[in-house]
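**Student:** Chain by chain, the residues:
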Amino acid sequence: MEGNLNALTTIFTEFYYWVTIVMMFLIHVGFCTYEVGVSRRRNHLKTLMKNAMAIPLVTVTFYFFGWWIYFGFPNGPGIAGGLVTAPFAEAWNPLMGTHLSGVNPGETGVTPADAALWHRLNGVFWGAFLLFSITTASIISGSIIERARSGAFWIVAVLIGSVLWILDASWGWHPQGWMVKLWGYHDAYASGVVHAIAGGAALAFLIVLGPRIGKFKADGTPRDIPPHNVWLVTIGLFLIYTGFWGFYAACNIPLISPATIAGQITGETWTATNIYLAPTTLSAITFNFLMSLSGGMMAGYLVSKGDPFWTFSMGLCGVISASAGNDLYHPIQALLIGAIVPTICYKLHYFVERRFKIDDAVGAVAVHGYGGFLGVVVAGFMLWGQPSSPYEGFAHINPLGNFAGAVLMFVLGFVPTFVACKILNSMNLLRVPAKVELEGVDFALNHAFEASVREVGTAEKAMMK
Amino acid sequence: MSTNGMENWAVDLKDVGAIYPFQGSEVLMVIVGLAFWIGWHILQTRHESAEIEADMAADRSGEETRAAIDRY
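Chains as they are written, first to last, in this note's numbering: chain D, 1 to 465; chain H, 1 to 72.
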């Protein structure tokens with residue numbers, strides 16, 4: 001590393017992203033807690049494991065190919081150029097391991113420039129993006145509880161977490177992504193690239209999977225299947241809120257000079273930037289995160305008449321719906337967007353449930369899918385005419401570009417997931433049989449547990465005098 | 001003899017690249033890792049199918065299922 005300031009900046013950036021990874025893990029603690037709270041007792045263990053095992057499965061596949069997709073596909077390829085070479089992100093490259101910045105004799109695929117930039121940043125950038133990936137996969141998990149086979153979910157988790165979302169991130173969440181260049185797509189904190197795509201995938205999964213037994217009466221009227229433990233549900237959502245601070249921070253570059261950006265910004269003033277390398281501040285996103293969360297919770301309390309599940313869920317939806325533009329909104333704009341969009345999503349959830357018999361156990365399609373979709377659309381209007389990028393020649397932010405982008409995100413999640421679920425269903429691998437669903441998917445595990453309890457109890461009682 | 005080529009730290013760090021063991025076998029490691037991942041899915045699917053078969057054969061009377069439903 002050249003010079004102490006550069007060294008300090010690199011090491012600060014490395015540590016900054018490392019901290020965001022730790023914070024984002026709380027999102028997954030929250031998802032697990034939340035889903036177990038929603039599920040009924042006879043499904044707890046499988047519900048927990050279904051979500052938890054998405055972590056290692058998306059991790060290994062994101063190492064093998066997900067990270068490379070982000071750097072390889074910003075042009076489409078074939079839309080704004082060809083496939084981009086990114087040797088530092090290939091699983092077999094020495095920079096995908098412990099590396100000290102030089103180039104060893106015989107070390108292939110490493111240039112001095114790549115080594116200087118990536119030896120300290122590759123792992124933490126990969127980790128931060130990985131946590132976004134796991135989040136995208138986990139969003140689907142809650143919707144399908146109590147009847148989906150875990151193995152089917154894990155295959156879809158890899159598809160969405162290590163292929164589809166990172167492809168859309170390469171297109172619309174990369175400083176050189178073709179959607180940013182050509183459409184002026186703006187989605188700073190991932191309303192579309194994480195949430196809309198996950199919502200689209202969840203909807204596709206639910207359509208093929210079908211509702212839980214007992215969810216709908218013979219005449220098609222939905223029944224409420226309440227969470228078995230509302231406390232766990234709300235603690236889970238609180239943990240997701242907490243992890244979202246890391247998510248937001250990880251979408252920023254913490255400190256960078258105009259010379260390093262090498263775009264149109266003049267002068268010497270260093271700045272934080274959003275993912276597109278356009279200036280923002282941590283303070284701005286702190287204002288807007290909290291105000292959009294508040295808007296969602298306040299609206300949620302009113303429309304659900306104080307229901308804890310929906311008050312907390314709409315708080316999350318408030319953040320998601322303002323996320324596309326939370327680098328640039330005024331806090332009161334974030335508050336109002338965070339209140340209005342979740343109200344629409346809440347109404348849409350019940351409309352879709354009644355009209356199309358979709359049993360989304362946690363409202364993920366509404367909170368993430370509709371919330372993310374509408375959030376991107378609103379940002380297109382609110383930020384109309386603003387620069388999408390610090391680089392010359394990029395389209396400006398506009399309603400049409402963001403609307404097309406929102407549609408693309410939702411469809412990119414929906415279509416491949418629908419096809420994958422159809423294939424799994426045709427192989428009898430998507431859903432457990434009705435008898436097992438009624439017994440509970442934990443039946444065998446509970447049996448083993450009860451047998452152990454009986455055996456040890458009998459042995460202990462035999463020791464009593 | 002050292003598995004990563006480093007036998008002491010009397011070096012300028014800017015001249016040192018990778019320091020994990022067995023450098024040069026990265027492609028082989030990726031192949032092994034991919035096989036582990038795909039093999040895991042295959043084994044998991046078999047285990048899950050066997051468990052579902054056992055569940056289908058259990059509780060013919062439905063007594064335990066009724067009790068589980070009542071427990072919510």
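Keep in mind that the hints were calculated from the coordinates and are not lab data. Among the hints, erroneous ones may be present.
[To be verified] Derived DMTMM-like pairs (lysine to aspartate or glutamate); straight-line CA-CA distance at most 25 Å: (1) K435(D) <-> E53(H); (2) K347(D) <-> E392(D); (3) K14(H) <-> E26(H); (4) K215(D) <-> E90(D); (5) K357(D) <-> E392(D); (6) K422(D) <-> E437(D); (7) K422(D) <-> E26(H); (8) K217(D) <-> E90(D); (9) K435(D) <-> D59(H); (10) K435(D) <-> E64(H); (11) K217(D) <-> E460(D); (12) K14(H) <-> E437(D); (13) K217(D) <-> E53(H); (14) K215(D) <-> E64(H); (15) K14(H) <-> E107(D).
[Unchecked claim] Quick list of simulated restraints, FRET-style, between CB atoms: (16) G33(H) <-> L83(D): 21 to 29 Å; (17) I207(D) <-> V11(H): 57 to 65 Å; (18) I19(H) <-> A80(D): 18 to 26 Å; (19) H396(D) <-> I19(H): 25 to 33 Å; (20) A259(D) <-> L34(H): 39 to 47 Å; (21) G5(H) <-> V453(D): 51 to 59 Å; (22) V230(D) <-> G33(H): 38 to 46 Å; (23) K422(D) <-> V11(H): 54 to 62 Å; (24) E63(H) <-> L282(D): 56 to 64 Å; (25) T260(D) <-> I38(H): 14 to 22 Å; (26) D307(D) <-> H47(H): 54 to 62 Å; (27) I11(D) <-> S49(H): 33 to 41 Å.
Here a beta-carbon is modelled for each residue, glycine too, at the ideal position from N, C-alpha and C.
**Student:** None of the hints should be skipped; say for each whether it holds.
**Tutor:** Now for the hints, and whether the structure bears them out:
For the hint pairing K435(D) with E53(H), the CA-to-CA distance comes to about 11 Å; that is within 25 Å, so the pair holds. Between K347(D) and E392(D), the direct Cα distance comes to roughly 42 Å. Violation of the 25 Å bound is thereby established for this hinted pair. Simply put, K14(H) and E26(H) have alpha-carbon atoms about 22 Å apart, close enough for the 25 Å limit, and the pair holds. At most 25 Å may separate the alpha-carbon atoms for a hinted pair to count; K215(D) and E90(D) exceed this at roughly 46 Å.
Distance restraint check for K357(D) and E392(D): the Cα-Cα separation of roughly 48 Å exceeds the 25 Å cut-off, and the hinted pair is therefore not satisfied. For a cut-off of 25 Å, the pair hint linking K422(D) to E437(D) stands: about 20 Å separates their Cα positions. Of the pairs offered as hints, the one joining K422(D) and E26(H) is violated, with about 36 Å between alpha carbons and a cut-off of 25 Å exceeded. At most 25 Å may separate the alpha-carbon atoms for a hinted pair to count; K217(D) and E90(D) exceed this at roughly 52 Å.
A C-alpha spacing of about 10 Å is found between K435(D) and D59(H), which places the hinted pair at or below 25 Å, so the restraint holds. A hinted pair counts as satisfied when its Cα atoms are at most 25 Å apart, and K435(D) with E64(H) qualifies at roughly 12 Å. With a CA separation close to 48 Å, the supplied pair K217(D) and E460(D) exceeds the 25 Å bound. Under the criterion of a C-alpha separation no larger than 25 Å, the hint pairing K14(H) with E437(D) is inconsistent with the structure, at around 59 Å.
Distance restraint check for K217(D) and E53(H): the Cα-Cα separation of roughly 29 Å exceeds the 25 Å cut-off, and the hinted pair is therefore not satisfied. Straight-line distance between C-alpha atoms of K215(D) and E64(H) comes to about 21 Å, which keeps the hinted pair within the 25 Å bound. Note on K14(H) and E107(D): the hinted pairing holds, with a Cα-Cα distance of about 14 Å set against a maximum of 25 Å. Hint check: G33(H) to L83(D), Cβ distance near 23 Å, so the stated range 21 to 29 Å holds.
The supplied range of 57 to 65 Å is met by I207(D) and V11(H), whose beta-carbon atoms lie about 59 Å from each other. Look at I19(H) against A80(D): about 38 Å separates their beta carbons, and that is not inside 18 to 26 Å. Separated by about 46 Å at the C-beta atoms, H396(D) and I19(H) break the suggested range of 25 to 33 Å. Judged by the Cβ atoms, the range 39 to 47 Å given for A259(D) and L34(H) holds: they are separated by roughly 41 Å.
In this structure the supplied range 51 to 59 Å holds for G5(H) paired with V453(D), their Cβ-Cβ distance being about 55 Å. Between V230(D) and G33(H), the C-beta spacing of about 42 Å keeps the proposed range 38 to 46 Å intact. At roughly 57 Å, the beta carbons of K422(D) and V11(H) sit within the given window of 54 to 62 Å. With their beta carbons about 59 Å apart, E63(H) and L282(D) fall inside the hinted range of 56 to 64 Å.
Checked against the hint of 14 to 22 Å, the C-beta distance between T260(D) and I38(H) comes to roughly 40 Å, which is inconsistent with it. A hinted range of 54 to 62 Å for the beta carbons of D307(D) and H47(H) is inconsistent with their spacing of about 39 Å. With their beta carbons about 50 Å apart, I11(D) and S49(H) fall outside the hinted range of 33 to 41 Å.
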